[in-house]
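There are 8 protein chains.
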Amino acid sequence: MPDSDPHVTFDRSRQTRIGLEEAVLAEPKTDAQIAAIVADAIAEGRRLLLTRLIEAQHAALARDLRERLDYCPLSRTAILGPLPRQNNQPAVALVSAGTSDAAVATETERVLSYSGLGATRITDVGVAGLWRLLRHEETLRRMQVVIVFAGMDAALPSVVAGLVPGLVIAVPTSVGYGVAAGGRAALDAALASCAPGVLVTNIDNGYGAACAALRFARVTGGG
Amino acid sequence: MPDSDPHVTFDRSRQTRIGLEEAVLAEPKTDAQIAAIVADAIAEGRRLLLTRLIEAQHAALARDLRERLDYCPLSRTAILGPLPRQNNQPAVALVSAGTSDAAVATETERVLSYSGLGATRITDVGVAGLWRLLRHEETLRRMQVVIVFAGMDAALPSVVAGLVPGLVIAVPTSVGYGVAAGGRAALDAALASCAPGVLVTNIDNGYGAACAALRFARVTGGG
Amino acid sequence: MPDSDPHVTFDRSRQTRIGLEEAVLAEPKTDAQIAAIVADAIAEGRRLLLTRLIEAQHAALARDLRERLDYCPLSRTAILGPLPRQNNQPAVALVSAGTSDAAVATETERVLSYSGLGATRITDVGVAGLWRLLRHEETLRRMQVVIVFAGMDAALPSVVAGLVPGLVIAVPTSVGYGVAAGGRAALDAALASCAPGVLVTNIDNGYGAACAALRFARVTGGG
Amino acid sequence: MPDSDPHVTFDRSRQTRIGLEEAVLAEPKTDAQIAAIVADAIAEGRRLLLTRLIEAQHAALARDLRERLDYCPLSRTAILGPLPRQNNQPAVALVSAGTSDAAVATETERVLSYSGLGATRITDVGVAGLWRLLRHEETLRRMQVVIVFAGMDAALPSVVAGLVPGLVIAVPTSVGYGVAAGGRAALDAALASCAPGVLVTNIDNGYGAACAALRFARVTGGG
Amino acid sequence: MPDSDPHVTFDRSRQTRIGLEEAVLAEPKTDAQIAAIVADAIAEGRRLLLTRLIEAQHAALARDLRERLDYCPLSRTAILGPLPRQNNQPAVALVSAGTSDAAVATETERVLSYSGLGATRITDVGVAGLWRLLRHEETLRRMQVVIVFAGMDAALPSVVAGLVPGLVIAVPTSVGYGVAAGGRAALDAALASCAPGVLVTNIDNGYGAACAALRFARVTGGG
Amino acid sequence: MPDSDPHVTFDRSRQTRIGLEEAVLAEPKTDAQIAAIVADAIAEGRRLLLTRLIEAQHAALARDLRERLDYCPLSRTAILGPLPRQNNQPAVALVSAGTSDAAVATETERVLSYSGLGATRITDVGVAGLWRLLRHEETLRRMQVVIVFAGMDAALPSVVAGLVPGLVIAVPTSVGYGVAAGGRAALDAALASCAPGVLVTNIDNGYGAACAALRFARVTGGG
Amino acid sequence: MPDSDPHVTFDRSRQTRIGLEEAVLAEPKTDAQIAAIVADAIAEGRRLLLTRLIEAQHAALARDLRERLDYCPLSRTAILGPLPRQNNQPAVALVSAGTSDAAVATETERVLSYSGLGATRITDVGVAGLWRLLRHEETLRRMQVVIVFAGMDAALPSVVAGLVPGLVIAVPTSVGYGVAAGGRAALDAALASCAPGVLVTNIDNGYGAACAALRFARVTGGG
Amino acid sequence: MPDSDPHVTFDRSRQTRIGLEEAVLAEPKTDAQIAAIVADAIAEGRRLLLTRLIEAQHAALARDLRERLDYCPLSRTAILGPLPRQNNQPAVALVSAGTSDAAVATETERVLSYSGLGATRITDVGVAGLWRLLRHEETLRRMQVVIVFAGMDAALPSVVAGLVPGLVIAVPTSVGYGVAAGGRAALDAALASCAPGVLVTNIDNGYGAACAALRFARVTGGG
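These protein sequence lines map, in sequence, to chains A, B, C, D, E, F, G and H.
Taking UniProt numbering, the leading residue of the first sequence gets 1, the next gets one more, and so forth.
Taking UniProt numbering, the leading residue of the second sequence gets 1, the next gets one more, and so forth.
Taking UniProt numbering, the leading residue of the third sequence gets 1, the next gets one more, and so forth.
Taking UniProt numbering, the leading residue of the fourth sequence gets 1, the next gets one more, and so forth.
Taking UniProt numbering, the leading residue of the fifth sequence gets 1, the next gets one more, and so forth.
Taking UniProt numbering, the leading residue of the sixth sequence gets 1, the next gets one more, and so forth.
Taking UniProt numbering, the leading residue of the seventh sequence gets 1, the next gets one more, and so forth.
Taking UniProt numbering, the leading residue of the eighth sequence gets 1, the next gets one more, and so forth.
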């Protein structure tokens, strides 16, 4: 959003201070606000990351802006500008329980990519079919950070945290209906995990989990 | 409680109609009401099962009544009169996640006993240490009814239901603090289970789970 | 969903392990994902069951796929391929309180059908007109499994469980407004049932209730 | 409480205006406040009704005050002074589901008594044993006001309201554990009743239900 | 809905038993179900009352059916057939706090009309401008039943119940935003009323309040 | 709305009594009701303030009405008629945490404007980049009333109230997803502020915060 | 608490920065911590204000400390040292609905006293007996700040705010049972007030309301 | 707990698998169970860590067991056996907002100590007096892991996460009353943090935060 807009004070010193660039949370913004933000970044030659950019918002952008964005509808993220060279330090895995949880995992993957951190994806390993997860046990035990995406009963973070020594971050998702709708059941299950040391983000907060992994990377010399 | 008490209408036809004897839920009753109920059963030569009889209530009974009861403080159940011969038809397992969940599992075990149905106990097999559960996989796969007791994140019913073909009943428990306190997180996780066909009782309702197993027994010719 | 899709790991050993085929929960999936899943099953000659396939999703399928599906808009289920021969072992009744609860009951009926288990339907017997239910008392007392579908105050499972010896499964529904909206009031009433041994599923989880009945069938030699 | 207490403004015109005397809600008051209120009423020769006077508060009163009160520990009500002549116009029934609900029903009965209105008690007729209620159907159908006390699933008000033409008032009670604890499940079930025209009070509000019956009496010429 | 529809068991004995005709709750029904219900009533020459018939549902009816209905979009009610002669016994007032609450009050007014009971409307008398209500004090004090419709803080029922001797029924409404959205704040305020004897319905349940008034009418010889 | 509409009783004495003109909450009203209200004010030569007038409602107004309104889509407010001369007594600041919170702050600003009270805007100073806020510390310390708009964790009011001596009013906003959705987390954080004397409005209630500032102005001789 | 205690960093610059001295919230502290805090203040000749000091905590203090405190058990506040000269600028009223709400009002009164600000008390004027409040209308209309204390339905702040031009602060209290227990119903009703400009504190936060009044005093030259 | 106890299956392979020793959560256990666990560890020469051992439980231990334990009543932790040599790799800070939050921070400190990891304590730096925190900014910016303990509005984690590049873990505490009671407000505020990458544990879960830091240590070569 251009500096002339009286409603925005961009936080350009964030990168310097805490090592994380600011992303733009698109969903609550108007089409005009998003267009101004993208146009401004192009004009200034800056890279840009938008999260929760829903398809209708993406479609509402003028074609010249839209074509400059690498947009992923599954994760609702858009990236402007080139990705840095990817490395795999620290070793990060993204583990998701069901097909629908994969959308949030992809958001995390894209945010990490934007900052040059690669990650290993393990998909569709919900605990109702435990053998699917156990196939990956050795891989998971080598990871420094394991981010687990699960909705409904969110049993997966507990099982994973009982198998691996690394930092375990649970991202509860809003997948499901009845008591699962909105993700509160998954959130509470993750917070109440019987496995020691599980850390939790807000529901569907793939962006936040990525930022935590980037903090890990920064203070351990990786990323 | 004597028939002369104007506050009680005993439901003596329940046994005939649905095959389950009525148990006395002691906790909300006064000491005097409990004493009258026990004395009345002794006078009539009836057996009696009391649930949620807390230690102070048990201690408040006159010694002659108290000595007639087989009281289990862990499960807060008391039984008056002899147990029937135990059989193991249908095959029922009681699986509990943590030490504290075992109190509720013992309530179920004692209610089944009171009706003559034996059960296999498997204890302390929470998913944070998955190898503890997997040791019992073959036993569990032979069961017709598996009752799973778990508080906190209640991940165990989902894992069990993914391993066994039998009927799976989850009993969420109120064990835990923070979001786990009171058992709502465990209840919602059990209801939102990602494994197909998990059935759920109220929080800490070991009595209800036993009654369901007895219904199973009755209509399949066992129990 | 084709094996080449990186977001899905199909659980083909489920049938072997727990005796239940995996169904596809359509609602959170994209149109493209659903189309791929259906096309893949046709190509491989497999049967397929989709649940919570909303009308817009069904309409979005290409005509050749759509015509292969037996779609029921009331229950939002779609079946690909032939139904097995139906039997009635164990004896299962599906009892619903109001017109709107019948949609969830139909989901259960269709899932049972898909696995070859017939069921007796009893409809519109809410407790506000008790005589409607009592007409069916004898039928209900002969059942091994009675699944009760009720929203709003969900009083029906308690009344039924007081009348019959069989296993009683309550499926709370999201029918209603005000405190009833979303089904939490019905769920809590079913969990707090004053009748002994009522088992409960998640709100609107007709699929889960069917799976529980199929588990019953499998371990008692029926189904 | 004496007029000299700066914390109380007694509402002596209530009786004139809306036909209901003010009762003293004792529970949140200090022992000294309660003693002052009772002493003051004795000094002025006024009758007095205290509700939710817990046993410890009653025991803390000086003996001369305590002996002047007709105290009922079950309903936690105390009455000072003579009861008026009782009549039965309008016809009111108090119907309670379980033993524990009877405490709240007794509160209502005592408040009605204090104002001279008699009531028919029907006890322990929870819907899990429907035959107990149906025995009273004819009596209930003759009533003008039926007040139903039920905790847990609160299915009884719906069943009663489907049987009788009179005004039906549900008083949800806090009896129960797990989701039933505190009475919210019972309250929501009563509010969501599938039977038409059920009216509801706050949880455990036996006093409020009595006041509603007294309003009915006053505007129809009874009471 | 025609008797041939397997999903409906019409409760035609309700009128005989409890003196209230069954209304059709339209909102959760499909367009086809509503059309069948209306057509069936026309064919049989029966009157019919539909509640919560939203405008899109009304518009979806075939023209010949739609023209037979007296439809009120504000209250979302439709009436088929003639209204009975109106009387004013008992004396009923409908008091609403804000413009938006009036929609629910109109639902009550129309349901009463359908059964021949007239009512006095008092509108827009929220407590923030107390003088508006106090102008009507004398009228209100002559009423036997006062139904109060209020959302947001629902302070109006408490104030009214402190002014009048008649039966007071609070209908909380879902008007408002933030903590008021959905009506739970209004519901809880009405249940927690500091005025004695306030009775409460579900949120937005204008139909239920009317049924309660009709029960009052029936057992006091009016209506 | 014209006086002839039976659903509205305009509160024209409000201005005299409490010094605040009544605004029209547009959102729950029908297009016809809004049109009548605007037309009526034009006919009578009165000024008018509408809040929560969503874009579709504004677009639905006839062109001649629409053109008379000064409509702000960001804050969803519309003003009819001239603004009074603005003054800055008392000194009021409007401080908002994020871009999206600014919409609610603009509602407050417009309501103040309508009554002639100017305000200082400070935007995008969320606590995640504390230096943005601290730049304004001196300005804020000179204010008599500081209104803080924040969603999500609503940490800003606590930080501000620790920096300034003036009256601090927190307006929680519904910005955010997961646990932040709807604004309850922000509301509770503001109410639980660790800084002394923070006052709180309903979620998104920019209108209410403005009214509080106008009350301040009136009783201190400003505004 | 002495500076040597590693668990406390006293905020002695608060008085300078925001014009409010820090009070000590006693309830969550241990007896030893409270004794150290009091002893330390005596040693340094500082005044001290403790809030939420429950009777058992007060009784646990050594006699020499206890005798130095002016302790009020009703409001659970203790003051060490002399009170400043009281003035009445600005004009503040403390209005409470019921006897029990008066405890919180007394907390506010004592905190104001400690800072030298007098206040007018109006007690027991709940809306169920409106005439009690209306007697004080003229007094209330002269106030600059009116703090209203109410539990249960918290209807009083709305009624007061409709009568007076001054700043209205609602302090919801936890008085009541059922849905009123804990004060959430009162809080939500106050937040959802239909009267414009009502500001709200946390439940039972008499201290916070006093601090807000002191902020008002400070920036308007009074206090 | 001895292996002979049928209610416990000790998880002795946990240390090997995930690098964390199992701690004993004492609160839900009986006095006898705790005594057996301690005696067993002494007999086997094992170290032992007990968490949430309340003072009454500690006092109930036989003197010879009690004297072997290093018990800290503030944090309710007990340690049996010698502490390992402490190192400070990784660099961990424990930052707490108020005096009461320090109890949970001490639990974390003791658990870290038990595993040989030192930590920097920063106490009483709640955001209401921001200068207290800012004094420590440089120290905090050098940390690899910053664990923030805060109840009430939990604004501190957001402010800290905006200042430092390290991993930030928020531990919400149950300190506070009204909406803050139980810690849900603090939990939700921490989850909804406006600062990027804040990770959250269950309420009061100082043990879990320590385990997360130990996971960090293990996979980065420290601890």
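FYI, nobody ran anything at the bench for these hints, they're computed from the structure.
Incorrect hints may have been included.
Computed spacing ranges between beta-carbons, pair by pair [claimed, not checked]: (1) F/Thr30 <-> E/Arg121: 44 to 54 Å; (2) H/Glu137 <-> G/Glu44: 25 to 35 Å; (3) G/Pro73 <-> E/Pro73: 53 to 63 Å; (4) B/Glu27 <-> D/Gly81: 46 to 56 Å; (5) D/Asp31 <-> F/Thr30: 53 to 63 Å; (6) G/Ile42 <-> D/Gly81: 51 to 61 Å.
Beta carbons: idealized from backbone N, C-alpha and C, even for Gly.
Right, here's what the structure says about each hint:
At roughly 18 Å, the beta-carbon separation of F/Thr30 and E/Arg121 lies outside the given 44 to 54 Å, and the hint is violated. In this structure the supplied range 25 to 35 Å holds for H/Glu137 paired with G/Glu44, their Cβ-Cβ distance being about 29 Å. For the pair G/Pro73 and E/Pro73, the supplied restraint of 53 to 63 Å holds, since their beta-carbon distance comes to about 59 Å. Checked against the given bound of 46 to 56 Å, the beta carbons of B/Glu27 and D/Gly81, roughly 36 Å apart, lie outside it.
At roughly 57 Å, the beta-carbon separation of D/Asp31 and F/Thr30 lies within the given 53 to 63 Å, and the hint holds. Here the CB-CB span from G/Ile42 to D/Gly81 is close to 52 Å, well matched to the stated 51 to 61 Å.
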